[in-house]
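Here the structure of chain Z is known, so what remains is to put chain P in place on it, guided by the hints.
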Amino acid sequence: MKKDDRKIDDRKIDEKKFRQNSRRELLKLTPVLALGAFAIPSLQEGLLKKGLGFSDWASARLFRSGHRAPEFDNSDLTPFAKFPINGYDVDDPGVIFENWTLTVSGAVQKPGDYTLTQVQALPRYRQNTRHICVEGWDVIGRFGGARLSDFLKMVGADPTARFITVNCADDYYESLDMATALHPQTLLCYEMYEQPLTRQHGAPLRLQIPTKIGYKQAKYLTDLKVTHVLDRVGYWEDQGYSWFYGL
Amino acid sequence: MSNAVVEIVRASSKSKDNEDDEPVVVARAVYEHPFIVRLCHWLNTVSLFVMVGSGLQIFRAFPSFGAKIPQKDLLHWPRAFAIGGWLGGGLQWHLTFMWIYIGTGILYLGYQIFSGNYRQVLFTRRDIPGVWPMVKHYFFFGPKPPVHEAYNPLQKQAYTTAIILGVLSVVTGFAVWKPVQFSWLAWMMGGFHYARIWHFAVMWAILFFVLGHLVMVILHGWNNFFSMLTGWKKDPEYVTAVDPTPKGEVEGEDDRAAPEGAP
Chain Z
1 MKKDDRKIDD
11 RKIDEKKFRQ
21 NSRRELLKLT
31 PVLALGAFAI
41 PSLQEGLLKK
51 GLGFSDWASA
61 RLFRSGHRAP
71 EFDNSDLTPF
81 AKFPINGYDV
91 DDPGVIFENW
101 TLTVSGAVQK
111 PGDYTLTQVQ
121 ALPRYRQNTR
131 HICVEGWDVI
141 GRFGGARLSD
151 FLKMVGADPT
161 ARFITVNCAD
171 DYYESLDMAT
181 ALHPQTLLCY
191 EMYEQPLTRQ
201 HGAPLRLQIP
211 TKIGYKQAKY
221 LTDLKVTHVL
231 DRVGYWEDQG
241 YSWFYGL
Chain P
1001 MSNAVVEIVR
1011 ASSKSKDNED
1021 DEPVVVARAV
1031 YEHPFIVRLC
1041 HWLNTVSLFV
1051 MVGSGLQIFR
1061 AFPSFGAKIP
1071 QKDLLHWPRA
1081 FAIGGWLGGG
1091 LQWHLTFMWI
1101 YIGTGILYLG
1111 YQIFSGNYRQ
1121 VLFTRRDIPG
1131 VWPMVKHYFF
1141 FGPKPPVHEA
1151 YNPLQKQAYT
1161 TAIILGVLSV
1171 VTGFAVWKPV
1181 QFSWLAWMMG
1191 GFHYARIWHF
1201 AVMWAILFFV
1211 LGHLVMVILH
1221 GWNNFFSMLT
1231 GWKKDPEYVT
1241 AVDPTPKGEV
1251 EGEDDRAAPE
1261 GAP
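In order, the protein sequence lines correspond to chains Z and P.
Read in order, the letters of the first sequence are residues 1 to 247 in our numbering.
Read in order, the letters of the second sequence are residues 1001 to 1263 in our numbering.
FYI, nobody ran anything at the bench for these hints, they're computed from the structure.
Remember, it's a predicted structure, so these values are computed and weren't measured experimentally.
Positions of the beta carbon are idealized from the N, C-alpha and C atoms, including for glycine.
Please note that a few of the clues may not be correct.
[As the list claims (entries may be wrong)] Per label pair, the in silico range of CB-to-CB distance:
hint, chain 1, residue 1, chain 2, residue 2, range
1, P, 1204, Z, 156, 53 to 63 Å
2, Z, 77, P, 1138, 44 to 54 Å
3, P, 1070, Z, 195, 32 to 42 Å
4, P, 1136, Z, 31, 39 to 49 Å
5, Z, 88, P, 1205, 28 to 38 Å
6, P, 1207, Z, 117, 51 to 61 Å
7, P, 1113, Z, 11, 19 to 29 Å
8, P, 1205, Z, 233, 30 to 40 Å
9, Z, 66, P, 1185, 15 to 25 Å
10, P, 1099, Z, 77, 35 to 45 Å
11, P, 1138, Z, 11, 29 to 39 Å
[As the list claims (entries may be wrong)] Taking lysine-lysine and the DSBU-like style, the derived pairs with C-alpha atoms no more than 35 Å apart in a straight line are:
hint, chain 1, residue 1, chain 2, residue 2
12, Z, 50, Z, 225
13, Z, 12, P, 1144
14, P, 1178, Z, 225
15, Z, 82, P, 1068
Chain P extracted, bound-state conformation:
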């Protein structure tokens, strides 16, 4: 089980009043994010950035979802916030990074399924009752519900949705790229014309998730952020909540001092 708790210990020194030679537990840590998950997360950060930027460049060539004649533009996306410089450049980036995006997605899904790690993120029926209390807590100043695992029900819901959106971005993308070879896909979406709209809509949904994700990452601080780099989360809430350290008070102070001295 990857979510085993590890106690980080410091060898007891004589300056400290430790009568027994037991090392002092300075923090607890949980290996929350396996290597493949972290790798995919950061590969995806890059490729998603490129896919959105180049996709918006492609959109700039015909920023409309109506007819060509007469053309009614939906919005004029600034060139400065697009990748590739022109339509051909945008297509080059898009058609190159889509393979990295897809490859990362396959690696991630494959790993999650075969390792069983999907249980950590997958939103299931038993998470449903926990969603509303989390929403109340985040948005309406409700009390914080107790934390039992790495992700709370609302997080699971968000991450599961993000994964589904990722799959949809590829599926709608293939309908736009290959509306003849995958004509059944395009047909399911209402034809090429609507597939293009779906592809665009899915992008905004993903960007909405990314925005929320970034806000939460900033609110939760470095310890949480580093866990996606090293895999380790120090003193996650659910550990202390489930199994508090008996000699809590002294060590509690040490815990807080540790991260500052760490780098």
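Bound conformation, chain Z alone:
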């Protein structure tokens, strides 16, 4: 049966025409060479930035406000002693707790300095969530704090503003999209394992965001700004990391 099929389909083609045809078929593959643009030094950086930007765009589309990060049992927790301490600079920038306030500015009705007591007066939430570092390691920790969304409501943040930016006592800086800032699991965290936050983990106040990679979760917060326009993105982002990096 197969034999017959072949015989019906048998065609004859001149040797030269066959070579021409082969060449044409080969040339059709030239679009693949366009990938060579990534090997050109002057184009490489821009192309990779575009690629990363596209990934960030896709990440923002994939983010669902109502979707919660998995939470875990207490038995799944990584022991506190084995919870890594990762800073970009110093582990303890020497915050003087008595003088500490969170300075709120930007598109808010009530700008000014907020004390830790004011943050702690908001409803406290505790959650066992996975903390994932961009390096690849992960731990499950128990975090407690106020919802950032509650705090934003308290300071009268403009709900149409698009970003939150934060500065830290160690000169670290970060920024968040508003959708993530309003996510119910995004905390202004002052507690780990039901104990006050230690200095190395970002006392007195840090961001804890189970829907984001580790470096987005800035420690030792000093300033918080609500803004329509991002003037700067973040310390690691400026080194070339992804901005959105939603998990």
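Relative to the frame of chain Z, chain P by itself:
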């Protein structure tokens, strides 16, 4: 049917003893690899290379699958065999080329399914009996089983596995990249921690396939290699096996001479 046999003919010249004016058949050829398949093959060659190289760069940042404290490294992959220079660079390459890798995969699968060309590569139940004879032939000096189609059962098995691995590399990759948004995916793999292990394991499985693939390509020579560039395979075994040329001997010599003069 893309696998029709074409006879390549040379106009008969008077120097040759051809009493009838029939052109001489110098070779037979089969258009084995449609354009989209070839395009995807080479796009994938590039993007897979970048994905593996940048993936290993990312792995270098935490070359372990255990705890961070204490950290026990699995292996120290040399920077020279990684792409991106540092973790951030590796991520940029990985998060850029993954879209090319995924796009190529979708184009390939879509084409194979809608054109029906998948029949050429898909390993099915009727290929099972043919696997062991091929294994015996390749690895234990067994006799060569007769060839009836473009890919033998073992090849189909290998290519089908490679395609599945390609899909798994994307699926495990999404579990690593988006363990919250695709928490059900990560959960199926045992959570983020295990998804990362699966993603790594799938990479090695793909590299194992690539190694075997390269060895076979080298063993089978240029004619086979060119078929992935032009689509055409000259004198594939299964054609002569099924339908030998009646005037075989004279033309058989011509056939062998043709590729040398061709370029």
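Tested hints:
Under the hint 53 to 63 Å, the C-beta atoms of residue 1204/P and residue 156/Z, about 54 Å apart, fit the expected range. Between residue 77/Z and residue 1138/P the Cβ separation comes to about 51 Å, which falls inside the hinted range of 44 to 54 Å. At roughly 23 Å, the beta-carbon separation of residue 1070/P and residue 195/Z lies outside the given 32 to 42 Å, and the hint is violated. With their beta carbons about 41 Å apart, residue 1136/P and residue 31/Z fall inside the hinted range of 39 to 49 Å.
Checked against the hint of 28 to 38 Å, the C-beta distance between residue 88/Z and residue 1205/P comes to roughly 36 Å, which is consistent with it. The hinted range of 51 to 61 Å is satisfied by residue 1207/P and residue 117/Z, whose Cβ atoms lie roughly 57 Å apart. At roughly 27 Å, the beta-carbon separation of residue 1113/P and residue 11/Z lies within the given 19 to 29 Å, and the hint holds. Between residue 1205/P and residue 233/Z the C-beta distance comes to about 37 Å, which sits within the given range of 30 to 40 Å.
Range check, residue 66/Z to residue 1185/P: about 18 Å between beta-carbon atoms, so the 15 to 25 Å window is met. The hint said 35 to 45 Å for the Cβ distance between residue 1099/P and residue 77/Z, and at roughly 36 Å that hint holds. Roughly 34 Å separates the CB atoms of residue 1138/P and residue 11/Z, a value that falls within the hinted 29 to 39 Å. For a cut-off of 35 Å, the pair hint linking residue 50/Z to residue 225/Z stands: about 27 Å separates their Cα positions.
Of the pairs offered as hints, the one joining residue 12/Z and residue 1144/P holds, with about 30 Å between alpha carbons and a cut-off of 35 Å not exceeded. For the suggested pair residue 1178/P and residue 225/Z, the alpha carbons sit about 27 Å apart, so the restraint of at most 35 Å is met. Annotation: proposed proximity of residue 82/Z to residue 1068/P holds, straight-line Cα distance about 8 Å (limit 35 Å).
Going down the numbered hints, you'll see the structure goes against just number 3.
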